[in-house]
Amino acid sequence: MFQPLLASATRAVEKLRDIGEPLPDDLTSQLAKLADDTQTDAVRSAKVEELLRPYVLADVEIDEQGLTATTPGAAPPRLVQHGWRSFLVRVANPHRLLGDLSAPSNSVLGLVDHHSHAARITLADTLTVVPRIERAWLQAKLAGPTDVSGLDVEYKVISLYSRDGGSRSGELMFLLAVEEATESLTRPPSSKAWQRMGFESRQYAGRFDFDCLPARDIRFDIREPDGNSTVAALTVRDSQRRAYPSKAMRLAPDMFFHEHVYRATGEVITLPAGQYEISARRGPEYREVRLEVDLSADSEAVTIELDRWADPAARGYYSGDPHIHAGGCSHYSVPSEGVTPETMIRHVRGEGLWMGSVLTWGPCYYHQKQFFSGLSISPRAELEYPAMQQAQGMTWDPQDTDRDSQSLLRYDLEVSGFPSSHSGHVILLGLTDQDYPGTQLIEDWPSWNLPVMRWGHAQNAMVGYAHCGLGLSVGTDELPNYVIPGFQSIGSNEIIVDVPLGAADFQCGAEFAPAAELNLWYHLLNVGYRTLMLGETDYPCIYDDGPGVGRTYVRLPEPPHGEQALEAWLGGLKEGPSYFGDGRSHVYDFAVDGSVGRELAVDAPGPVKVTATVAAWLPEQPPAAPAVGQPVYSAPVGWHLERSRIGQSRNVLVEVLVNGVPVRTQELLADGNEQEIEFAVDLERSSWIALRILRSVHTQPIFVEIAGRAIRASRRSAQWLHDSVDALWKAKSGFIRETERPAAREAYDAAQATYLVRSNECEVD
Amino acid sequence: MAHGEPAGCCGPVDTAAPISVTINPEARVNVARTENRVESLTIGDWHTIDFPIVNTGYVTGPLVIEGDQVPNVELDLPVHELTGEPRQEGGFRVRFDVPTTVDLTLTFRALGALGGLAIHSSLHLILRSHVAVHT
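So the protein sequences, as listed, match chains A and B. One rule links them: number in this note's numbering = place in the first sequence (from 1) + 4. One rule links them: number in this note's numbering = place in the second sequence (from 1) + 15.
For the record, the hints were derived by calculation from the structure and aren't laboratory data. A couple of the hints might just be wrong.
[To be verified] Residues on chain A that point at chain B, a partial pick, calculated with CB under 8 Å:
id	residue
1	S12
2	R15
3	A96
4	P98
5	H99
6	L101
7	T274
8	A277
9	H426
10	N485
11	V487
12	G490
13	Q492
14	A731
15	W733
C-beta atoms are modelled at their ideal positions from N, C-alpha and C, and glycine is treated no differently.
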């Protein structure tokens, strides 16, 4: 059976790649070529086996009872002290049994959650488990999928941890929990498998003479250009492109879904002697620094000087990500847990963010809400489970840095997984109370958003919508466009009802296609609303890379600090200049006729002067195409300055918008230098003006009212909004409780009536 | 009643189907095999593989299923219209030309939501076929 063998082999090779231990590049392509080869199945199957044989650590043979016998394969059994190495396992199953395979080792059972690669969530009692880990010099885990599918031969991936360095002899055995037609109520299949093995006195385990590379803690002396200590994202790979610490097993604050780990100046990564490529970055305001390092057995430290190309804070602009999570999505397969503020602050610091809004949401609501205080915090980046860390050989102590106080967290709320979430996910920033009045459970909350928005406003919170573009794609990149979306997901939906009623302040994006995100915003602005737009990440739900993939920069008279830091940041957002995007381009001091204020009154139509200081940085050459199966850049579909590159040049296009339409453009050399730009723009009527580099940065508008006339720039925008309310009702009303539906209908009607009035007030189509 | 894998979120799914599709509150599509296996299928006939769609994200619009072409098997992968209701039933069809075993990789995408971004939206499924025995 060639096809399933090839599929299994390819999947195992991809698994090794995904956990950071890739096999040689040409192996994947050679496997792929076999799919179209015209030779017989038998010949092609033999070729698959021949290609993989050098990387197979263990051959596992399953007999008719489901008992296994393990023998060493051809892969050299080389491990690394205090680290994980991964290998292929070949499973021969001539009796075609079905079941689940595991690799128990040294009585360290049930430690590893195979879905999340995180140890601690399965540890009910670390006091019991830690000594067991410490006693075990060898740990093993299968990197899923772990099912045995009844094929003659299939390939799995095993990851092995060595506590010790040097030569050690050890055994590996495998356990097949055979699927049975009748399930036992008292003994699960794995217990039965153990029982069966106990009845037989045969050798199940294979004996391996492991060569464990000694490793030592390598200290990283990470420095800002000014010499300050700091936290950065470090990606460490050896000459075979293996990641350190291994992604096969990471403990918070190191995340298995990151390529990198976050380390502060003076903190360590355990590494064996060898050659490494180490890259360091601290968010998009820094160019990646790459070092080729040859660590000898007595090496102790690596010095890294970060390369900052932009410093918005020096210009008075302070970054924030209004949408990150400490639980759910990629964090763990038990989303009710997640990580602590001490881990989240490390991630926020490592991305150079000033503010991070950690939003509690549905699946982790009851657990994570304990961290809500209504205050901004900047905790020490302590380890969550130091005893577990030490048992795994991670002996580093958290270090404070000179920049720690420049990053703060604020726990707030995203209404996701709540009864009203169908109408878009509401973000509430700056809450003082996170429980909706009269509710005990999430299920008790309102089934549409307006009451929640008003409750937030009553607390002086800012309220708006997350991942605005979801469900608003209409199959065109045109901006603005007039196609009514289906409102089929959880983006900016009810915002078109809430804004006219004064109940919504912003929407968040910089994650998806600009047309899906910006179109609704432009229409709202075109009929005179002052809705804000923010950049967000929805980390680690939409993007796993880290906080600040999408971000917002707010100009403030002084850095946000202390318990009211978020309130200060939000205050600047409401009243002052700000911009959002991917952080790879920046627009400082955007002004109309010299004024950076959000509102400008002029006496008569005519020319105005638009000025700004713009900086963007792209590498001189476009990056190489990604490997097969790998995403393009860090943002698979969203905002990234690389998508703004004009052809093969290093230029990007700066556009001046008047009422959503580009009226002036200028190419900008994206070499990182700040450049003054100036445009003369004719205004025929009251209008909003903004600057953008599409897919990278967008300013908030400056609203210019001429002779006191309100902005009524597009009758078609008003009509689009009016008609969208109908589409919204069609999509959402069925999810609103019957008891609440009349009030919702009344609000929808009021919104539509407002749009009709504004449509009539518009001077032009 | 068997329980499917948590599918990355939201707890097990009650189903007798061999796979389950879960859309979490953040509109991410997860698909997982359950403990139920697909029995060997007779060649020449279309067979339906059922799956529940547990939709905790209120996602509406099309749910598409993508699968690579595999020799000796035809796939009928219909587009499902998500209603946003907490649970819907779905299915796709397969037909074998010859007795064989295949390893299918299927990807589920809710086009109105996160589309291809979801990292748990693919699964592999072993299917077997045999010649029907007429008595």
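- Task: Under 8 Å, Cβ to Cβ, is where A/T274 needs to be relative to chain B, so tell me if that hint holds or is violated.
- Result: 28 Å, violated
- Task: With chain B as the partner, please determine if A/L101 meets the hint condition of a C-beta pair closer than 8 Å.
- Result: A/L101 check fails; min Cβ-Cβ to chain B is 12 Å, beyond 8 Å.
- Does the nearest C-beta of chain B fall within a distance shorter than 8 Å of the C-beta of A/G490? 6 Å, holds
- Query: Would the hint on A/A277 stand, with a C-beta cut-off of 8 Å toward chain B?
  - Reply: It is violated, given that the least Cβ distance between A/A277 and chain B is near 35 Å, above 8 Å.
- Item | Restraint outcome when A/A731 is required to lie within 8 Å of chain B by C-beta distance | 11 Å, violated
- Query: Are A/S12 and chain B close enough, Cβ to Cβ, to be under 8 Å, as the hint says?
  - Reply: 7 Å, holds
- Task: With a cut-off of 8 Å on the beta carbons, see whether A/Q492 makes it to chain B.
- Result: 3 Å, holds
- With chain B as the partner, please determine if A/P98 meets the hint condition of a C-beta pair closer than 8 Å. Check failed: Cβ of A/P98 comes no nearer than 14 Å to chain B, outside 8 Å.
- Message: Under 8 Å is the threshold here; is the Cβ of A/A96 close enough to any Cβ of chain B for the hint to stand?
- Response: 16 Å, violated
- Query: Does the CB of A/H426 sit less than 8 Å away from some CB of chain B?
  - Reply: At 3 Å from the nearest chain B Cβ, A/H426 passes the 8 Å test, so the hint holds.
- Should the interface hint for A/H99 be scored as holding, given a Cβ-Cβ cut-off of 8 Å against chain B? 15 Å, violated
- Item | Status of the A/W733 interface restraint (C-beta, 8 Å, chain B) | Violated. Min distance 13 Å.
The structure fails hints 3, 4, 5, 6, 7, 8, 10, 11, 14, 15 (numbered hints given earlier, in ascending order).
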